[in-house]
Amino acid sequence: MSNYIIETKNLAKTYGRVKSVADMNIHIRKGRIYGLLGRNGAGKTTAMKMLLGLTKPTFGEIFIWEKPLRGNEKKILPRMGSLIEAPGFYPNLTATENLRIFAALRGVPNSHAIKDALDLVSLPYKDKKLFSQYSLGMKQRLAIALAIMHDPELLILDEPINGLDPIGIAQIRLFIRRLCDEKGKTIIISSHILSEISLLADDIGIIHNGVLLEEESLSELEQKSRKYIHLTISDTSQGARILEQIFDETQFMIQDDHNIRLYNLDLPVTKVVSVFVQNGLEVSEAYTCGDTLEEYFKRITGGEGIA
Amino acid sequence: MKNILNELREVKELLRLLQCEYMKLKRSKFLFIGILGTLIVPLFVFVKAAVNCFVSSEITISLFSLYDDGLMFLMLLFAPLVLTIIHAWIISREYTDGTLKNIFVVPVSKTTFLWGKLLFLAIITLLFMFISWLEILVLTFFCSCFIPVTELTVPSALFFLIKMLYGGILLCATQTPFIYLTIRAKGFVAPLIAITAVSLINVVLSNSPIAGFYPWSASYFLAIGRFYGQSCPKEVSISIILIMCLLGITASLLRFRKDEVK
Chain A
1 MSNYIIETKN LAKTYGRVKS VADMNIHIRK GRIYGLLGRN GAGKTTAMKM LLGLTKPTFG
61 EIFIWEKPLR GNEKKILPRM GSLIEAPGFY PNLTATENLR IFAALRGVPN SHAIKDALDL
121 VSLPYKDKKL FSQYSLGMKQ RLAIALAIMH DPELLILDEP INGLDPIGIA QIRLFIRRLC
181 DEKGKTIIIS SHILSEISLL ADDIGIIHNG VLLEEESLSE LEQKSRKYIH LTISDTSQGA
241 RILEQIFDET QFMIQDDHNI RLYNLDLPVT KVVSVFVQNG LEVSEAYTCG DTLEEYFKRI
301 TGGEGIA
Chain B
1 MKNILNELRE VKELLRLLQC EYMKLKRSKF LFIGILGTLI VPLFVFVKAA VNCFVSSEIT
61 ISLFSLYDDG LMFLMLLFAP LVLTIIHAWI ISREYTDGTL KNIFVVPVSK TTFLWGKLLF
121 LAIITLLFMF ISWLEILVLT FFCSCFIPVT ELTVPSALFF LIKMLYGGIL LCATQTPFIY
181 LTIRAKGFVA PLIAITAVSL INVVLSNSPI AGFYPWSASY FLAIGRFYGQ SCPKEVSISI
241 ILIMCLLGIT ASLLRFRKDE VK
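As they're listed, the protein sequences go chains A and B. Residue numbering for the first sequence follows the numbering used here, starting at 1 and increasing by one per position. Residue numbering for the second sequence follows the numbering used here, starting at 1 and increasing by one per position.
Excised from the complex, chain A in its bound form:
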């Protein structure tokens, strides 16, 4: 029996020749918040759309509650709530009227569900304000209300804090945390904002160019990103050549002409230093220290883009 609520096997989506998602093997545990972190255009939304059956995978399989999503949509999807990209509602209707439509479609029996959902996101029930008059933050709140209205076990939230002010962000963060801790909901949340994911998620998947680069718990990632060996040497390009040719090592980063970082902590530092010296390099510093989580993400995704 699998421990995962969601499991994908070699999930891929191709648009023409462009690979939006490639060989994605995602594992989401029950009662946890899973943060899907990636730069803009990394493939987060496509992956989430596939998990909701909105987009058909080009290849691979999705298992939700151990059942393949394909062919079981009628059983699986009613147990899920979602917010994908920009909130989509009818502009000529109020928030309550909009939710009534989706409640009718879902067969949500009572109006308490609508009122409760609106209360949870601090939106007024039976307000006369039309959706078209809503601010971006209010629209986002309404979309979250729609996602939780039918009390789903699993929530898929694509960039839920988009457009919210700092207080709104804190409220939604707290609200998502509570849903997970108090009601035992499993939540997948995507973002390109590292600080947001690191404040909220229990597990993190880092996606870049459609590829899931890492999938670990936040604590594991913090541990992993923390340590590296820092070397200050007379010529980093020569040092890099030695690392590649003698130690067959590629897990390093040249900081400048004199500073280099080794990320493979299993590498024998004393041996590395002595080989450097034997090859005419001056080694003035060698010590183990840490990366910030942000630096770590930038490094593995290859640059800027995650704030």
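The hints are simulated quantities; they were obtained by calculation from the structure and are not laboratory data. Using N, Cα and C, we set each Cβ at its ideal position, and we do this for glycine too. One thing to keep in mind: the hints can contain errors.
[To be verified] Cβ-to-Cβ under 7 Å is the rule here; a few derived chain A residues that face chain B:
1) Ser82
2) Ile101
3) Ala104
4) Arg106
5) Pro109
[Unchecked claim] Here are the simulated lysine-lysine pairs, DSS-like style, with alpha carbons at most 27 Å apart:
6) Lys29/B / Lys128/A
7) Lys298/A / Lys224/A
8) Lys9/A / Lys271/A
9) Lys12/B / Lys75/A
10) Lys29/B / Lys258/B
11) Lys126/A / Lys29/B
12) Lys110/B / Lys129/A
13) Lys258/B / Lys110/B
14) Lys67/A / Lys30/A
15) Lys56/A / Lys186/B
16) Lys139/A / Lys126/A
17) Lys67/A / Lys56/A
18) Lys26/B / Lys126/A
19) Lys12/B / Lys115/A
20) Lys139/A / Lys110/B
21) Lys129/A / Lys26/B
22) Lys19/A / Lys9/A
23) Lys67/A / Lys139/A
24) Lys262/B / Lys75/A
25) Lys139/A / Lys12/B
26) Lys163/B / Lys74/A
27) Lys19/A / Lys29/B
28) Lys262/B / Lys139/A
29) Lys26/B / Lys258/B
30) Lys19/A / Lys67/A
31) Lys262/B / Lys9/A
32) Lys56/A / Lys29/B
33) Lys56/A / Lys74/A
34) Lys115/A / Lys75/A
35) Lys115/A / Lys74/A
Guided by the hints, dock chain B onto chain A, whose structure is given.
Then chain B, alone, in the frame of chain A:
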């Protein structure tokens, strides 16, 4: 037994969709303008008859001729144009408002959703024809208080109600290609351009003996029940409309099912 239950579930879902379509129209200016638009043809035929009456005292206003003219203007020009705009708006707004992603995760199957839309559009078309019929009747009744109107009887009115509703059904059938165009273009500009061209050809062909081969003109001739002077037999016209309707529905369903939510 399982099949019956499934079918019942589908019918229930379809009814829910129809209820939701109705709910979506609240405060909708587009539909309000459309309903106002239904007034144009009745007013036009009424003014035309009144002018004729004033020009020549030998001409009298008859309910029959008012409905006859009304049906012609509606079926050949006005109704296809207005209904295409309303239909295209009802479908394309789901794309522009980005609501499809909320509907399909319910889940609602794409096929059921589109059938729900088609049924709703059919109801709107019939409602459009019914309102037009009612407006002509009310205007004629009002007019009869001042000038004599012939054939203002309940059987005459009911006779034309049936004709107009039949015309509405034929209009629904001939609307399916524009529904496909709306789904394909995800907006109402393409179907609007297409229906304008179709309506212009309608006007050109309205007195032609080959009009029966042209589905949109044929609908009018079938509704009015006059096929004299037509080189196209009635059965052929019905077959052409039916084939076009089925092709339109099939193409719309295939395209809608193929499209992914953006």
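Distance restraint between Lys139/A and Lys12/B, which requires alpha-carbon spacing of 27 Å or less: The hint is violated at about 30 Å.
Interface restraint verdict for Arg106/A against chain B (beta-carbon cut-off 7 Å): With a minimum Cβ separation of about 5 Å from chain B (threshold 7 Å), the hint on Arg106/A holds.
Straight-line alpha-carbon gap Lys139/A to Lys110/B, limit 27 Å: holds (26 Å)
Satisfaction of hint between Lys74/A and Lys163/B, Cα-Cα up to 27 Å: violated (43 Å)
27 Å Cα cutoff - pair Lys139/A, Lys126/A: holds (15 Å)
Restraint check for Lys12/B with Lys75/A, where alpha carbons must lie at most 27 Å apart: OK: Lys12/B and Lys75/A at ~17 Å, within 27 Å.
Lys29/B paired with Lys128/A [C-alpha distance capped at 27 Å]: holds (17 Å)
Hinted pair Lys26/B and Lys258/B, Cα distance within 27 Å: violated (30 Å)
Pair hint Lys56/A and Lys186/B, alpha-carbon separation not exceeding 27 Å: holds (20 Å)
Straight-line alpha-carbon gap Lys115/A to Lys75/A, limit 27 Å: OK: Lys115/A and Lys75/A at ~26 Å, within 27 Å.
Pair hint outcome, Lys67/A versus Lys139/A [Cα-Cα no greater than 27 Å]: violated (33 Å)
Pair hint outcome, Lys12/B versus Lys115/A [Cα-Cα no greater than 27 Å]: With Cα atoms ~25 Å apart, Lys12/B and Lys115/A stay inside 27 Å; holds.
Hint compliance for this structure: hints 5, 8, 10, 12, 23, 25, 26, 27, 29, 32 are broken, all remaining hints hold.
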